[in-house]
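Chains as they are written, first to last, in the numbering used here: chain A, 11 to 773; chain B, 20 to 106; chain C, 101 to 264.
What the hints contain is simulated information worked out from the structure, not anything from laboratory work.
The beta carbon of each residue, even a glycine, is placed where N, CA and C say it ideally should be.
Covered stretches of chain C (in silico footprint by chain A; criterion: 3 or more residues with CB under 8 angstroms from a CB of chain A, positions within the stretch not fixed):
id: 1; region: 137-150
id: 2; region: 171-183
id: 3; region: 203-216
id: 4; region: 227-233
id: 5; region: 236-242
From the derived model, a few chain A residues whose C-beta atoms are all more than 12 angstroms from chain B:
id: 6; residue: Q20
id: 7; residue: G57
id: 8; residue: R72
id: 9; residue: S140
id: 10; residue: N152
id: 11; residue: Y155
id: 12; residue: A172
id: 13; residue: D335
id: 14; residue: N426
id: 15; residue: E450
id: 16; residue: V711
id: 17; residue: I712
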Amino acid sequence: MIARAPSRKQNHKDKKFRVIGTSPIRSGDIDKVTGQAIYGIDTHLPGMLYGAVLRSPHAHARILSINCLEAEMMPGVKAVITSADFPDLTKQIISLGEEGASLQYQTDNILARDKVLYYGHAVAAVAATSLHIATEALQKINVTYEDIPPVVDIRKAMDGGAPVIHSNLRTDELGKKSNNPTNIASHVQFKSGNPEKGFSQASVVVEREFNTATVHQGYIEPQNATALFSANGQLSIWCSTQGVFSVRDQVSEILQIPVKYIRVYPLEVGGAFGGKNRVYLEPLAALLSKKSGHKPVKIVMSHNEVLTATGPTSASYIQIKMGADNKGQITAATAWLAYAAGAFPGSSVETAAACIFAPYRIDNILIDGYDVVVNRPWTASYRAPGVSNAVFACEVVIDELCERLAIDPLDFRCINGVKEGDQRTNGLRYDRIGFQETLETAKNQPHYTAPLLGPHQGRGVASGFWSNGGGRSSASASINLDGTVNLATGSVDLTGTRMSLSMQLAETLGIQADDVRTSTADTDFIGYTDGTWGSRTSFSTGWAVYEVGRQLIYALRKRAADLWQLPLKHVKFSEGIFTIGNQKFTFKELASRLCEDYPLSVNTSVSPDGVGPAFATHIVDVEVDPETGQVKILRYTAVQDVGKAIHPAYVEGQIQGAVTQGIGWALNEEYIYDEAGRMLNTSYLDYRIPTCPDVPSITPVIVEAPNPGHPYGVRGAGEMSIVPPPAAIANAIHAAVGVRMNTLPMSPARLLEAIWNKGLHSD
Amino acid sequence: MPRVQIPALLRELTNGQDMVVVPGETVGQVIENLDQSFPGIKGRLCYGNKLRKNLSLVIDGKLNQRGITQTVSEKSVIRFIPAISGG
Amino acid sequence: MPSKIPVNAIINNELIQFYCEPRQSLLEVLRDDLNLTGTKQGCNNGNCGACSVILDGMLVNSCLVLAVEIEGKSVTTIEGITPKEGLHILQQKFLEHNAQQCGICAPGFIMAAKALLDRNPDPTEEQVRRWLAGNLCRCTGYVKIVQAVLDAASCLRNSTQVER
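From just these sequences and the hints, can you work out the full model?
Following this line, the structure appears as structure tokens:
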């Protein structure tokens, strides 16, 4: 049954829940602490071969020839593939018209065709009887290249004189294409009111520019894929992905196999954060499986490959100008953003442009965003994609405005902060939202007024917005004879959504969370479901689960009416109890009674409206060592509106994890390249993510402004808190040592230089 | 009649106007009529018979999934915004 | 092709004999040859600690140990500390504190924490954090992990009946 969840407004006033809002232990988590949980990387099939990928040592080069003969002859090697092994997609690309380019990029990224476009770009792949043999075989593949000067800097890439990476690329401006080849793939713009007039009405105007470096999602489990392409034409895939249907779709397009022949199995995922939506290895494993005589082939990326050849998030260059009057009202704001897309178009600059000023009511706005290709790996999503960069710039400018106007930074945000009924930059109108609540809550936190005890300590705040996502979800539920329920959805569970979904169904049916057994089904056994991204699962799949719950209740009421020979309206259900005439039954009692002879199962697919955006306000204390430039995070409070915390302990964990990623983004993480465009810091030793002693105990504070678009008030919670930390920390550093940082990361060397420059100036 | 908020990059086609009143009972009809007044604008908003994939439809401040078949009222305000992704 | 060498070692209190190539790491042999996939592969180059095991009482990254090096030695993995019934106190506390999200780092952290508590039953929070610096987690921000370890330490100190 296809049902579009209605966007009726849910009345959450005074709703009390039995299950929602508790934090039960999920029995499936036991497997995680005993090591029995099976991740993609743990896949092992009889007769399995091991794959390895040959990658480009050049950032930009023409491929003149590839000779695989010697590798193919090696004992133990069963198959070698290059882009020549892909099906010819010309017809398909032409038929897709404007969207055909995207398929070409996808395929070219998986194995380079005539050019390599970044250091680490895949060129060939091998399957052998052991990983060691496969790796040795890579050395025997002879590739000759013709070097081309790489372009790695965003602004240089935008220059008219820069080498052009794709000769057929033109700048797209909402369907209008530029005339000449370029590295600027697209330009987006938002404009309303009259910014010039608005600036003239301001008593203070701040104009600054910012640079942020490429960072990686940093998941611990590397990309991996195991494929078995059987002789009967059936392709089975086990991999580490956020979306089993998304993998199926991509593999189908790239290899031109109808989806009915492809089955993708969900497994536990060892971290993703947006980096495991796009396929890299699945088509390679599939082709190798076919070519090796239909053997299963497993490919696991090394960590070096994960950093150089998957999808980090964009480096960016951002200019912001903002003006405010002496009452603290923002009168105008402009932003100019250029995001590095990597080797192919498609950064998150559009999303960033739509979110950058979203927390504030500003009548006069101009935002320009540019998507720029450079010779770096093709960027992918990373938790609230593009927004952390943009908010870093915006919130640092706001901090400077507050300083010059002598207005408390949280008061400034209260004055300008959006409320229900306000309109966003992009025209969407806010329904019930919780921004003001996060500000009030932050102001009342003991942290906000606690004294700072030492020299070079400072406190900073920052707010942020994330739209959250909706999308398509499917669920099916069947009743077991003991009255418990088996629930299946198509949503890959990254960090605990199975529990959230169990709890939402349990709440609907009036049973315990333990009475619902939730699993993620593979692509053969559930309706289409979008991937686990955009903080959409508890919302969209939650709606699907709620709907199957209601279907179960309705079906049981009908059966009871039939059995007791009563009109349907005389069979009532409320708070987990069926009332049939003068008899009462719990859900479990009635279900097990009515389903023994005639099983009951239901299913639904939804694509709900009513996505509720999230807001957050963070407070951080830092201590700066003026001798070394090292920043110590002393205390961190993250206030976030989650609508309704289904499982508060899980939500706290999401907030703490996202903040920690933001801290790494702020202080340490960046891709470092040499002049030839090769990444230098390709391990966790030098691509330094926060370790246990680096971060304090982060205090998550959950605010609940229920989302009227969801039966239980849910807003996505997983991504929001990666957005404010870089700005909050930059503002705290300013409070500590009086320097305004405009570059991420604010690593010790950069901060030290800023401190020295300040020292020089004050001399 | 429905009103269409013109995306910033398309205002070069509407002589700089950012809000245009256009007759039509569905979004599709509105776009056709818009194209009558401002030739070329349909090609910018649509690809074939659908809204471009990277655009979302907003009616009266709310995201709408029905695209060009969505009916609109006399008071509707229609906007086209970039689709938003997640991670 | 390199020939395989026989190795005899005690793995999780059991005498095991296996054959391996000299170039195979302990991590690879545990996972691929001995089917002990509880020890997870993360970075595979000694930086993330997902592959932590205890070798002759010492915490090591099994990706940095050659399998042939464990000849005559004793290795404990996550499978070895999980009792036949119930859970080890560290595993129990991880669950109670919701210290795992994706869970890929959890076995490594639990082994590392065990190694800590075996030598220091009463660590401070600072000591716990420093000891765990070699185990990376990208999901949790470490807060609940540290709470779980401190809680487990407290339980171990105050009771003789918990599974240690």
